[in-house]
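As you go down the protein sequences, you meet chains H and R in turn. In this text, residue positions in the first sequence follow my numbering: the first is 102, and each later residue adds one. In this text, residue positions in the second sequence follow my numbering: the first is 21, and each later residue adds one.
To be clear, the hints were calculated from the coordinates, so they are not data collected in a lab. Heads up, some of the hints might be wrong.
[Said to hold, decoys possible] If you want the ones that stay clear, here's a sample from chain R, every Cβ over 12 Å from chain H, calculated: (1) 33; (2) 47; (3) 52; (4) 60; (5) 64; (6) 66; (7) 75; (8) 91; (9) 102; (10) 112; (11) 121; (12) 151; (13) 154; (14) 174.
[To be verified] So the derived list for chain R, only partly shown, Cβ under 10 Å to chain H, looks like this: (15) 46; (16) 54; (17) 61; (18) 63; (19) 70; (20) 156; (21) 160; (22) 161; (23) 163; (24) 171; (25) 173; (26) 176; (27) 187.
Heads up, the beta-carbon is just placed ideally off N, CA and C, and yes, glycines get one too.
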Amino acid sequence: MSIAVVGYYEPWWIQIVKAIVIFAVGLQLVPIVLLAERKILGRMQARYGPNRVGPFGALQPLADIVKLLTKEQFRPSTSTGFLFALAPVISIVTAVAAFAIIPFGNVQNIFGTPVGLYGVDVSIGPLYVFAFGAVAFYGIMLGGWSSGSKYSFLGAMRGAAQLISYEVSQGLALVGVIFTAGTLSLTGIVEAQRGMWYVVPQFFGFLVFLVAGFAETNRAPFDLTEADAELVGGYNTEYGGGRFASYYFAEYLNVLVVSGIVTTVFLGGWLLPFGIHPPGWVDPFVVLFKMGLMTFLFIWVRATLPRLRYDQLMSFGWKILLPLATLNALVTAILVVVTH
Amino acid sequence: MTWNPGDDMLEVTRAPAPGAARSTYRAFGETLRGMKTTFGRMLEKPVTLEYPEEKTPVYPRFRGRHKLHKFEDTGLEKCVGCSLCAAACPADCIRVVAAENTPEHRVSAGERYAAVYEINLSRCIFCGYCEVACPFDAITMGHDYEMSDYTRSDLIFTKEMLLAEPLERTPLRREGE
């Protein structure tokens with residue numbers, strides 16, 4: 102028995118086309134999220150946000166990227182050269198790899214060829230996400246450590262502690278869903294939500310996963326790794342230019358990935374409520390719309406909540422989130438056994 | 021025997037002891053309240069003034085760049101070159117060189133006029149003492165506040181520049197604004 106079974110194989114050339122299309126879509130989504138965050142954050146603080154570059158500031162991300170990429174690749178003399186250059190690459194690679202398993206639709210006939218609207222449908226979907234989420238922290242930890250700066254180091258250590266505290270709860274929050282769906286495949290989980298999305302029966306799982314997801318992406322109120330008020334920039338203090346752009350890109354892609362996972366696992370993926378069955382080509386747009394809503398929630402929370410103190414982060418993770426996730430998994434397990 | 025405080029004793033009010041479940045519930049409620057606040061702000065109009073296009077209106081008493089004045093009927097300058105403004109100036113940024121009026125060359129209404137009148141705006145602190153010191157109301161503080169320039173010498177304003185109307189009028193704040 103193999104560990105990971107891929108549900109459905111296409112011919113190799115379709116896989117390559119799919120990879121390019123999904124990567125291109127992901128790459129286009131990042132600047133949109135970047136701009137949306139700055140605009141929405143601005144409006145929530147009673148200001149406009151960027152509105153100078155292009156119509157309604159639409160070209161602001163482009164200007165940012167051009168500015169960052171034309172900068173000098175600066176490297177502090179205390180840094181560990183090889184790791185310093187490698188760390189942002191790890192961050193970005195894991196973010197893109199995790200993006201691959203978000204299903205935008207089930208297998209569909211496109212010009213007579215069956216194509217699954219996802220990068221790859223592995224039978225260990227959530228484990229794949231957690232694996233890459235864990236590796237992504239190496240990007241932050243190596244980056245912070247190899248910078249040879251105290252601030253970066255502190256940020257990286259906080260990141261490590263945060264990962265340990267929150268990934269457990271995140272995993273346990275998904276266990277309830279997996280019990281109910283009886284499958285680890287993300288397309289299988291979506292199909293199992295016909296009738297009712299898991300956000301209703303697994304509400305506590307949803308909450309725990311969401312909170313742990315905020316921690317996972319290092320965003321407010323869990324942005325202790327960056328903590329610009331205390332640690333200058335945290336793990337990316339010493340980074341500039343293209344490498345900083347990589348970190349930035351990875352952060353926003355991670356937001357999209359977590360939004361996508363929440364959409365898939367709790368919000369019914371491409372399914373629409375009230376038994377509406379649109380034609381297959383609508384599915385990706387449904388997923389993108391739900392992802393957009395989740396991303397808005399990310400931005401909204403960032404605009405609202407202040408950063409947690411380190412001890413608050415720890416006690417919240419271990420004393421509230423973990424028992425809640427465990428209890429949720431336990432109750433779900435009992436209910437599944439009783440009802441079957 | 022314990023000390024008796026009498027009738028003056030006040031009961032100290034304390035916050036309820038935070039239990040884990042209760043404080044979690046409270047934090048959850050407060051979080052939702054905060055989310056409501058930020059969402060409400062998003063629907064309001066931003067308070068931003070988009071500066072280069074929209075200028076901040078000033079109060080009538082705002083002390084901006086100086087103006088020199090002429091009599092409206094005769095067109096003669098009000099300044100008589102007495103140098104009181106220069107004497108009053110704490111930043112020492114005004115330079116006045118006076119000259120005699122002659123019947124053929126009559127510039128001001130008085131005996132003398134300011135042949136040179138320069139204000140170094142890079143030194144000026146906009147205190148308005150010159151305006152107070154002037155016996156003829158020849159110099160007043162205007163409303164302009166856009167005075168940045170590329171060189172320091174461009175910030176030395178001569179008499180012609182101070183007499184001229186400003187290129188762009190600064191908006192005045194309306195009543196109650």
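The hints, checked one at a time:
no. : hint : in the structure
1   : 33   : holds (26 Å)
2   : 47   : violated (9 Å)
3   : 52   : violated (10 Å)
4   : 60   : violated (9 Å)
5   : 64   : violated (6 Å)
6   : 66   : violated (5 Å)
7   : 75   : holds (17 Å)
8   : 91   : holds (46 Å)
9   : 102  : holds (49 Å)
10  : 112  : holds (41 Å)
11  : 121  : holds (53 Å)
12  : 151  : holds (36 Å)
13  : 154  : holds (42 Å)
14  : 174  : holds (27 Å)
15  : 46   : violated (13 Å)
16  : 54   : holds (5 Å)
17  : 61   : holds (5 Å)
18  : 63   : holds (8 Å)
19  : 70   : holds (8 Å)
20  : 156  : violated (46 Å)
21  : 160  : violated (36 Å)
22  : 161  : violated (31 Å)
23  : 163  : violated (26 Å)
24  : 171  : violated (27 Å)
25  : 173  : violated (32 Å)
26  : 176  : violated (33 Å)
27  : 187  : violated (24 Å)
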